[in-house]
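Protein chains: 2
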Amino acid sequence: MPPATRPFLLADSQLTGHSIIAASLTRPAADEPPPAPSSAFCAHWPVAGRDGPRPFFSATAPQVAAACSAAAEAFNTFHVARSALASHTARWLTLLADRCLANQAEILALASRETGLTRCRLAREFGRMIGTLKLFAELAASGSWQEVLHSPPLAPAQAGPFNADLRRVNIPLGPVAVFTASNFPLAYGVCGGDFASAVCTGCPVIIKGHPAHPGTGEFLARLAATTLAESGLPSGFFSFLHAGGDRERPVGRELVLSPSIRAVGFTGSIAGGEALRHLIAAERQTDPIPLFAENGSCNLVLVCQSALRTRASQVATDLAISLTDSVGQQCTNTGLVAIEGSAADAAAFASQLATLASRAPARPMLTPRIAQGYHHRLQEVQSAGAATLAPNPTPRASTDPRCTPTILLAPIAQLLASPTLRDEVFGPAAIITAGSPSELAQLAHHSRGMLVGSIYGDAPDHASVRELTQALASRAGRIVLNGVPTGVRVAPAMVHGGPHPATSDPASTAVGPLAARRWTRPVCFQHTPGDALATSFLPGQLSGHLPAQPS
Amino acid sequence: MPPATRPFLLADSQLTGHSIIAASLTRPAADEPPPAPSSAFCAHWPVAGRDGPRPFFSATAPQVAAACSAAAEAFNTFHVARSALASHTARWLTLLADRCLANQAEILALASRETGLTRCRLAREFGRMIGTLKLFAELAASGSWQEVLHSPPLAPAQAGPFNADLRRVNIPLGPVAVFTASNFPLAYGVCGGDFASAVCTGCPVIIKGHPAHPGTGEFLARLAATTLAESGLPSGFFSFLHAGGDRERPVGRELVLSPSIRAVGFTGSIAGGEALRHLIAAERQTDPIPLFAENGSCNLVLVCQSALRTRASQVATDLAISLTDSVGQQCTNTGLVAIEGSAADAAAFASQLATLASRAPARPMLTPRIAQGYHHRLQEVQSAGAATLAPNPTPRASTDPRCTPTILLAPIAQLLASPTLRDEVFGPAAIITAGSPSELAQLAHHSRGMLVGSIYGDAPDHASVRELTQALASRAGRIVLNGVPTGVRVAPAMVHGGPHPATSDPASTAVGPLAARRWTRPVCFQHTPGDALATSFLPGQLSGHLPAQPS
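As you go down the protein sequences, you meet chains G and R in turn.
Mind the numbering: the first sequence is residues 72 to 622 in the numbering used here, read in order.
Mind the numbering: the second sequence is residues 72 to 622 in the numbering used here, read in order.
Don't read these hints as lab results, they were simulated from the structure.
Among the clues, some could well be false.
Since the list gives no way to pick out one identical chain from another, each pair is judged satisfied if it fits inside one copy or across any two copies.
[Unchecked claim] Heads up, simulated SDA-like pairs for lysine to any residue below, C-alpha to C-alpha not over 25 Å straight-line: (1) LYS205 with ALA176; (2) LYS205 with ASN234; (3) LYS205 with ILE242; (4) LYS205 with HIS221.
Please build the complete structure, drawing on both the sequences and the hints.
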């Protein structure tokens, strides 16, 4: 198919810096006052160590409103042709996956320049984005996200007082606002999991772009807009809003407070996710909507005694690679390592880990703000009693933007006493501690809700593994046995979620087919014939099933 | 089995008026100040037209705290024996169903005296309570509420960068607070759906009793406490708190704000459910918990032209029975009836409905407060432009506590303009209106979120039925074709839920096996062998799967 193999855009010189409203590149209307210069912003290019030259223009309030209205209108209008929806959404997601593949080199170049992440790392993420788009295309085509269930009437002998024919089906909530993440410009970006899972269920999507990678966002958004048009869906199904400068927060605020928005997806920091949650609670008291915020997480790795004795080097090597991958900028990164043993064991393990981590190629962080946050949090945990191990025999100049992995040591009593030490440090840092099995379990129980926890254990560690698994299960969305916490497989049994504050809704997952359920609610049709619901959740051919009019 | 057939309590003279904390009848401790007399209360006996003589004593703040601590301790302790949980919870629910059956006559007598509902009506509800207890006993025994899912690693050719073995399973959230309803003392009472579904998943339950039927509540709670002891579960798995007088709200407030409580179930009015939602949002900002409030609902019935022409009498008869059943005190009751036709058609239909409704045996409402609320809301809708049809040729004396069904008429333009008219009137009242198919669809679209909507249509009404189904689907949790909205079947495909404000969480249902999911969250176990998770969601026999220690 020629369009899928021919690149859509040849160069980022075709970027405009403007938002995409209802699938069209849109400059503010002529009768609007021109946007304030303070709402324009540039991307930061971390490896180059400077900002890019191109200005991007934050969406104006009327543009946000227009995107929301178009989404609501598209959703309500397309309702009447709902039976055709599945083929359209599947086609859109498939076309988009193909178009992204055809533009892979350009996307990776843009994303690498704007994030400082390596092409190799981004290629892995690109593969995950494509896999996710295809997964939700298949799910849309199969309709299995509707989770259709039929309870036919029982035989009179078994029946209770009410014996109606019931059919349950999930229906879409309506327009969804998606906040993209700084650290995963592809898998949690414009065409990422929140987008694809919402589209799968027939929800129009409005993306709030991330100011850390506006070029990548706009490029992907143009691919989404073009393929939307080819899919036959109404243009209101997709908008992309640039948001930066002094409009970074207002764009998000206006978006989630629009009455047209029926659900919100967010990937980012705990502070950001919590601010959105409080905003919705305070400002949408009479019209609440669900928020699915996947926030930061201080993930706990527990190493049992026998595993430590027999394979400390291997565990340290795996953790060092995991910790420094993506410059530590992953929500599944290791935050705390607690080993079953003495303070001397912790010091030895920490020293080994520090040496290994210092060998990782040095790279800059995503943005200066994130780098500042990393250093600020390191200072906080040091003030709270964690001691930094010399990470690097030859410290770099203070003007060098490259990030230094940091391994810290703290007594477990200190960790249990200090909430600051149990909070996330976003970056390649981990605090090492040691204790008895019951102290490790206590640490797990007192941890903040986390996305993922790991346990390393051998056969002699059986009792500890068992106790620690129990403890971790109460605080984590995923538990890894003998493996690092990073690495999220896109599969049905995946849970990428976890107790608050790691997410705002621990009953959901942001990854895997179950992610589609977030954008739906179940409806029960009583006495409604099945074939009327077969291709759609709404009656298609009812006439044969309604009582005939007596002549 | 003798205990199942021998009545546990012979008479309500054995009621004590005290709460049940950790499965034991508990008077306030000796070192506590005695509870204020204003926290004691009596049940209202509607048919007798007076309060019962026995005082009930609201739980004190230390009692609420003790119930919460006991629940948390029981949950955490029992964790270590999780693999045995399913058999214990199934046994408890089964024993309890049997014990309730053995005490059916006593339960119905108590409930009828305290609610004014007929024994016949309560016997139906009793059957539903027993069916629900047995359903969740089976679900607990089967473990299917865990929704276990395995994603084995893919063959290398199909695998992405991460190819871990994943197993997903739902785990219980922890202690659940359940607020019982005034109008369903059994199915939404102490041993009702919220209780049974929470117990099924292994969550301890603390019940806030309803002051409208404290004797029924205490009686059921003692059956629950006794069977709990026989089931082998720790006593902290069940508490029942009397709450009335000036402690009615404080008991609920203390309960939902306890850090031990991990989820809340509520059945009651919109005002009550919304107050709980706002309380949790405001007071548990850093430790949010899910609330599943099933609130009131103004349910819409739409009658298409042909159905009206051919079977108006039948529809009116069905609606009149439905409307006056349980003195209209059902959350699925009809609130608005919109017929496709002229104002004259509406007047004729309303007159027919009023005549039929007036023939229902007159009964008092549940409590004086509810009766006052009914009359207050009738005055409000009359002030907002709805005209009352003479319901009864011989009005009763103003001292007669029996409730009069009320049929009102309002122009559809008035309904569209006045939110007051589109709100619930709790009681046997319905507003009748008429309009074109598009006006009916507009009314559906502008309705508040509702639990259930009905559409009556014949074959010639096909186009209208289709359009109205679309419209109702956006505002209702259940849509009935050619049937009344009342009557909730306990079955897998049931959805007893709906958009806000009918519920606080439209993605959930309060009835059917799916109700168990509310008290759980999914956890993913990575690289964890299946047989270690087979009988439990936590590792049982791990040792064979952990790496052996090199000798």
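Comparing the hints with the structure gives:
1. In the homo-oligomer, the alpha carbons of LYS205 and ALA176 lie at most 25 Å apart inside one protomer (19 Å), although the nearest pairing across protomers, at 59 Å, exceeds that limit.
2. Proximity of LYS205 and ASN234 under a CA criterion of 25 Å is satisfied inter-copy only: 17 Å between copies versus 41 Å inside one chain copy.
3. When the C-alpha separation of LYS205 and ILE242 is checked against a cutoff of 25 Å, the pair qualifies only within one copy, where the shortest distance is 21 Å, while the shortest distance between copies is 30 Å.
4. Taking identical chains as interchangeable, the C-alpha atoms of LYS205 and HIS221 lie at most 25 Å apart only when they sit on different chains, with a minimum of 21 Å there against 28 Å within one chain.
The structure fails none of the hints (numbered hints given earlier).
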